[in-house]
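Novice: Here's the letter readout for the chains.
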Amino acid sequence: MTMREALNQAMREEMKRDESVFLMGEEVAEYQGAYKVSKGLLEEFGDKRVIDSPITELGFAGLGVGAAMVGLRPVIEFMTFNFSILATDQIINSAAKMRYMSGGQFKIPIVFRGPNGSAFQVSSQHSQALESWYAHFPGLKVVMPSTPADAKGLLKSAIRDDDPVIFMEQERMYGNKGEVPDGEDFIIPLGKADVKREGKDATVIARSMTVPLALKAAEELEKQGVSVEVVDPRTIRPLDIETIVNSVKKTNRVVIAEESHAFCGVAAEISAQIMERAFDYLDAPVKRISGADVPMPYAKNLERLALPDVERVVKAVREVAYMD
Amino acid sequence: MKPRTQTNSPSGGAGVAERDERDQIDSDELRVEHEQRIQEQQKHIEEIDNETLLRMLYQMILIRRFEEKAAEAYTLGKIGGFCHLYIGQEAVAVGTLSALRPDDYVLTSYRDHGHALVMGISPDEVMAELFGKIGGCSKGKGGSMHLFDADKHFLGGHAIVGGQIPLGTGMAFATKYRGTDQVTLCYFGEAAVNQGAFHESLNMAQLWKLPCIYVCENNQYGMGTSLARAMSQHNVAEKACSYDLASEFVDGMDVLAVRAATERAVERARKDYLPSLLEVRTYRFMGHSMSDPGHYRTRAEIERYQERDPIKVFGSNLREKGVLDDAGLKEIEGRVRDEVERAVKFADSSPEPAPEELYTDVYATPIK
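Chains as they are written, first to last, in the numbering used here: chain C, 1 to 324; chain B, 1 to 368.
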C-alpha cells in the first residue's frame, strides 16, 4: 500500500468511527485532494463532512479551532505546509494556548495535516520543512511519519488525540510503498520512536524523507563493515528521547539527518538533549546532516545539492566512526 | 437608524495622514441624534417587561462599578499586565446578550470583563482572575484578557486583534454541522476590521450560511489611532456588502436599540442559519488600557459622549416611564456595591496558583 493510500484509509476509518470528524481544506473534496490523499471521501461522506474551502488559510484554520472548542474533531488539510504560514496565528495563538489560558477548560482535538518539506523543483516558497517552528510551542504535538504503516497508525492516533496535532507528510513519499497491518484498530501511539534498523557501531537519527536515505546508507555501510542503527522518532513533540538515548548508549556515535535547515532546528534540539543526558557515552561529537542554509533553488542540480542524500549520510557516519 | 455621515480624513498627501482636527462625529449631529434616541428608547421601554429592564440596568451598573474598582486595584498593583476597561461601552454587551439564550456561544476580544459578567461569571471569579489567583475563572493563567467559562458558553477573551473572528465562525460551523439552532455572538473592535481574519471569516460565513453574528464594537479608536486615520472606507456596516451579508448600523449608547438589532440578527441566524454584521457605534470613556495617557483625543470630545452615557440615559428614561424610582436605583447601587466589595475580598483571599500549576493544562494528557 502507498503512503497516500494509508493516509486515505486512516481518515476513512476515523470518519466512519466518529461522526464529529470532518475534513476541510483546499481541493480536498471535488478535486479529490491536490495529492489525491482524500480520494473518494467526498463520495463516501458527502459535502457536509468533506469540505472544499476557499484559499483562506488563516480563516479555515481558525474555523477549525473554533469548531474543536465546541466538540468537533476537524482534520484541516493544508495543500502544503508552506501555506500554513498564513495560518500560524490561529495554530500558535489559538490552538496551542487555548487549554492553558482557559485554565484547562477547553480541549482542542484538531489535526492540521499536509505535505511538508521539499517536492520536486518547486523552488523556495514551496519547499520548506517547518517542523522546528511548530515543535517549538508547548501545546502542539508534531508528527512526521516515514512509512505507510506509520502514516496510518499515527494519523489515526492524531485524529483521536485531544490535543492539536501538526501532522507532516512529505510530497516525495506519497507514492512510497510498504506493508500496512490490517484492521481498523491498528494505531500507533504518539510519542514513541521506532528503531527502523538495529546496529551497534553508530546511530543515525532520521525522520520523514531522511529515513529511507538512512536505511540505504546503513546497507552501504554494512558492506564497509559498519553496523548502523536507524532511529526514527516519528513524533517530534513529544520526543521519545529515551529510545534515542538508549541507542546512543549502545553505539556511542550519532548522526542526525534532516531535510530542514540546521539553524535552530530539530537536530540541534536532539543533539543538545543527547549532550545533557548521555554526554559520557559519546565517543565523537554529534554530526548533523541538514538542508543547505539557503532558500531552496529551482535548478535540478542545485536542488540536489541542497538536500541530504545517501552519500552524505555515509560520509557522516564514517566521520563519527573516525574511519576517514 | 440613519447611517453615520462620514468624516473625511484630511490626508497630508503621501505618508502618514494628519491628525483629524474634528471629532469623529460632528457635535451637533450627535446632539440631534441624542434627542431622537431618548424618544425612541422611551418607546422601546414600553415594549419590555420591567424585570428585564431593571436587570439590564443592574448589569450595566455592575460592569461600571466593577471596572472602577478594578482600575483602583490596578493602581494599587493588585492587577498586573494589561487591563482594558469597558466603561462607556456597557450598553453593547448588555443589549446584545439580553437577546440570547443560555446555550448560545459568545466570544470577544481582550476588552472582556463586561461580557464575562453579563454571561454570568461571578464578579468573584472575574476579579480573582484579574488578581492572578487560583479562584479566577481561568485559574489565574489567563488574566484580564483571557476570561473563559466553558459551562456558561463564554469562549473567551482573545488578545490578538481579530483572532477570535475565525474562531466564532468555527463555533457557528459546528452548530450547523450538528443541526442545532444555537447562535454565536462574536465581538471585536473596529480596528479588527482591518485584519484579514475579519474578511476571511465573513466570506466563509455567508458562503456556507453559518449562524454567526459579528458584532463590531466601534469605539472609534484602535488604541490611539482614530478610525479616520486607519480605515479608507469608514462605514463598517457597509463592508458586509462585499460578502453579501446582512448588516445593520446601531447606536451603541442605547441599550434597547442594541437589543432590538440583535434580536433581528438572532432570528436570521436561528431560522435560516444566516450570519449578520452589526456595527455598534460606541465610545470608551477611559483610555485604551490603564497605561494610556489619552493625548490623541480632546477632553471636549470625551465629555460630549459622556452626556450620552448609556447608563445615565437609560436610568433617566426608566424614571421617566415610571419603571425606576430613587429607592429602586439605590437598591441596585447598594447590591452592586456589596457584590463588588465581596469580589475584591474574594480575590484578595484566594490563593495564588500553586507552583505545580505552571505545568498543568498544557496537554490533555501530561507529557513528561
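Don't take every hint at face value.
[To be verified] Restricting the straight-line Cα-Cα distance to at most 30 Å, the calculated cross-link-like pairs of lysine-lysine (DSBU-like) are: (1) C:K39 <-> B:K43; (2) C:K16 <-> B:K209; (3) B:K239 <-> C:K36; (4) C:K36 <-> C:K16; (5) C:K107 <-> B:K239; (6) B:K271 <-> C:K48; (7) C:K48 <-> B:K176; (8) C:K196 <-> C:K48; (9) C:K39 <-> B:K209; (10) C:K48 <-> B:K152; (11) B:K43 <-> C:K48.
[Claimed, not checked] Sample of chain C residues with no beta-carbon within 12 Å of chain B, all distances over it, derived: (12) V65; (13) G71; (14) K287.
[Unchecked claim] Not everything, but these chain B residues come out facing chain C in the computed CB check (under 8 Å): (15) G168; (16) A354; (17) E356.
If you are wondering where the hints come from, they were derived from the structure by calculation, not from laboratory data.
Computed from a prediction, not measured in an experiment: that's the story for all the values here.
Cβ atoms here follow ideal geometry from the backbone N, Cα and C, with glycine treated the same way.
Novice: All hints are to be evaluated individually against the structure, with a verdict given for each.
Specialist: Results for each hint:
Pair hint K39 of chain C plus K43 of chain B does not hold up; C-alpha atoms about 60 Å apart against a cutoff of 30 Å. For the proposed pair K16 of chain C and K209 of chain B, the alpha carbon gap of about 26 Å is at most 30 Å, so the pair holds. Taking the CA atoms of K239 of chain B and K36 of chain C, the gap is about 37 Å. The hint is violated against a cut of 30 Å. A threshold of 30 Å between alpha carbons decides the hint, and for K36 of chain C with K16 of chain C the separation of about 19 Å falls inside it, so the pair holds.
As the CA atoms of K107 of chain C and K239 of chain B are separated by approximately 34 Å, the hinted pair breaks the 30 Å bound. Our distance criterion of 30 Å between C-alpha atoms is met by K271 of chain B and K48 of chain C, whose separation comes to about 19 Å. Distance check on the hinted pair: K48 of chain C and K176 of chain B sit about 10 Å apart at the alpha-carbon level, within 30 Å; holds. Note on K196 of chain C and K48 of chain C: the hinted pairing is violated, with a Cα-Cα distance of about 40 Å set against a maximum of 30 Å.
Simply put, K39 of chain C and K209 of chain B have alpha-carbon atoms about 26 Å apart, close enough for the 30 Å limit, and the pair holds. Annotation: proposed proximity of K48 of chain C to K152 of chain B holds, straight-line Cα distance about 28 Å (limit 30 Å). Restraint check for K43 of chain B and K48 of chain C: not satisfied, since their Cα atoms lie roughly 45 Å apart, outside the 30 Å limit. Against the 12 Å criterion, V65 of chain C falls within the reach of chain B, whose nearest CB is about 6 Å from its own CB.
Listed as outside the interface, G71 of chain C is inconsistent with that label: its C-beta sits roughly 7 Å from the nearest C-beta of chain B, within the 12 Å cut-off. Its beta-carbon lying about 28 Å from the closest one in chain B, K287 of chain C satisfies the requirement of being farther than 12 Å from that chain. For G168 of chain B, the suggested interface contact is upheld, since its CB lies about 6 Å from the closest CB of chain C, less than 8 Å. Violation of the interface hint for A354 of chain B is found here, the shortest Cβ-Cβ separation to chain C being roughly 13 Å, above the 8 Å cut-off.
Because the smallest distance between the Cβ of E356 of chain B and any Cβ of chain C comes to about 13 Å, over 8 Å, the interface hint for this residue is violated.
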